[in-house]
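Peer 1: One-letter residues, chain by chain:
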Amino acid sequence: EAQVTQNPRYLITVTGKKLTVTCSQNMNHEYMSWYRQDPGLGLRQIYYSMNVEVTDKGDVPEGYKVSRKEKRNFPLILESPSPNQTSLYFCASRGTGANEQFFGPGTRLTVL
Amino acid sequence: SQQGEEDPQALSIQEGENATMNCSYKTSINNLQWYRQNSGRGLVHLILIRSNEREKHSGRLRVTLDTSKKSSSLLITASRAADTASYFCATRDSGGSNYKLTFGKGTLLTVNP
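Sequence lines, in order, name chains W and P. Note that the first sequence covers residues 1 to 112 in my numbering. Note that the second sequence covers residues 1 to 113 in my numbering.
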């Protein structure tokens, strides 16, 4: 089954404790992206990647890092999480030339 | 900044009625897409309309696009309780990054049985 998976689905952590949210897709998509969703703000893009080793900032990249060492994986790294990064995070992927984005199930992160 | 802005923010209707949601945007676009999100879940692509199209249908969905007004509407006909979800428009700018979709804040649709 074609899908985007994220882990963990739920995470409660404390300020300053480094964490990684993994994202993997099995559709051989070149393009992957991370979004955060907050009430009243909709979805905002954090980072995106056009292919292996090619990444760029979205609208709200501060406090986040990403890497794209393999085509299928696009982890989101919070080196020193803060409470304002409490949010619902989504990973998405899309094939080159396609328009439809496929979304993962989301990761609900709480930073205390 | 948010490109698409959906209107209304929330809509409550009875099963069988039609639901209309609107989206306005600010820049020239390549295409506009509508996505659906069930509570707390990932978004699912519904339909895409290109900038040179004015109307598109898919099942019970009808999308219109007016590039002169920079607006789009999504009509769901004969709504069902299972249509209850948030609906987002997303635009792909014609002049910006080829890879970026900009999402609006969404319309929460509640269909009462």
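Keep in mind the hints are simulated off the structure, nothing from the lab. A hint or two may mislead.
Claimed, not checked - Where chain W lies over chain P, by a calculated footprint (3+ residues, C-beta under 8 Å):
no., region
1, 21-28
2, 99-112
As the list claims (entries may be wrong) - Mimicking DSS-like on lysine-lysine, the simulated pairs with C-alpha atoms at most 30 Å apart in a straight line are:
no., chain 1, residue 1, chain 2, residue 2
3, P, K105, W, K65
4, W, K57, W, K18
5, W, K57, P, K100
6, W, K69, P, K56
7, W, K71, P, K100
8, P, K70, W, K17
9, W, K57, P, K26
10, W, K71, P, K70
Don't be surprised by glycine CBs; every beta carbon is placed ideally from N, CA and C.
Peer 1: Confirm or reject each hint.
Peer 2: Hints, verified against the model:
With a threshold of 8 Å between beta carbons, the proposed coverage of the region 21-28 of chain P by chain W is violated, since 0 of its residues qualify and at least three are required. Beta-carbon proximity to chain W at under 8 Å applies to 8 residues in the region 99-112 of chain P; the threshold of 3 is reached and the given coverage holds. For the proposed pair P/K105 and W/K65, the alpha carbon gap of about 25 Å is at most 30 Å, so the pair holds. For the proposed pair W/K57 and W/K18, the alpha carbon gap of about 20 Å is at most 30 Å, so the pair holds.
At most 30 Å may separate the alpha-carbon atoms for a hinted pair to count; W/K57 and P/K100 meet this at roughly 11 Å. Distance check on the hinted pair: W/K69 and P/K56 sit about 39 Å apart at the alpha-carbon level, beyond 30 Å; violated. For a cut-off of 30 Å, the pair hint linking W/K71 to P/K100 stands: about 18 Å separates their Cα positions. For a cut-off of 30 Å, the pair hint linking P/K70 to W/K17 is broken: about 44 Å separates their Cα positions.
For the hint linking W/K57 to P/K26, the alpha-carbon distance of about 21 Å falls within 30 Å, and the restraint holds. Straight-line distance between C-alpha atoms of W/K71 and P/K70 comes to about 36 Å, which puts the hinted pair past the 30 Å bound.
In terms of the numbered hints stated before, the structure departs from hints 1, 6, 8 and 10, listed from lowest to highest.
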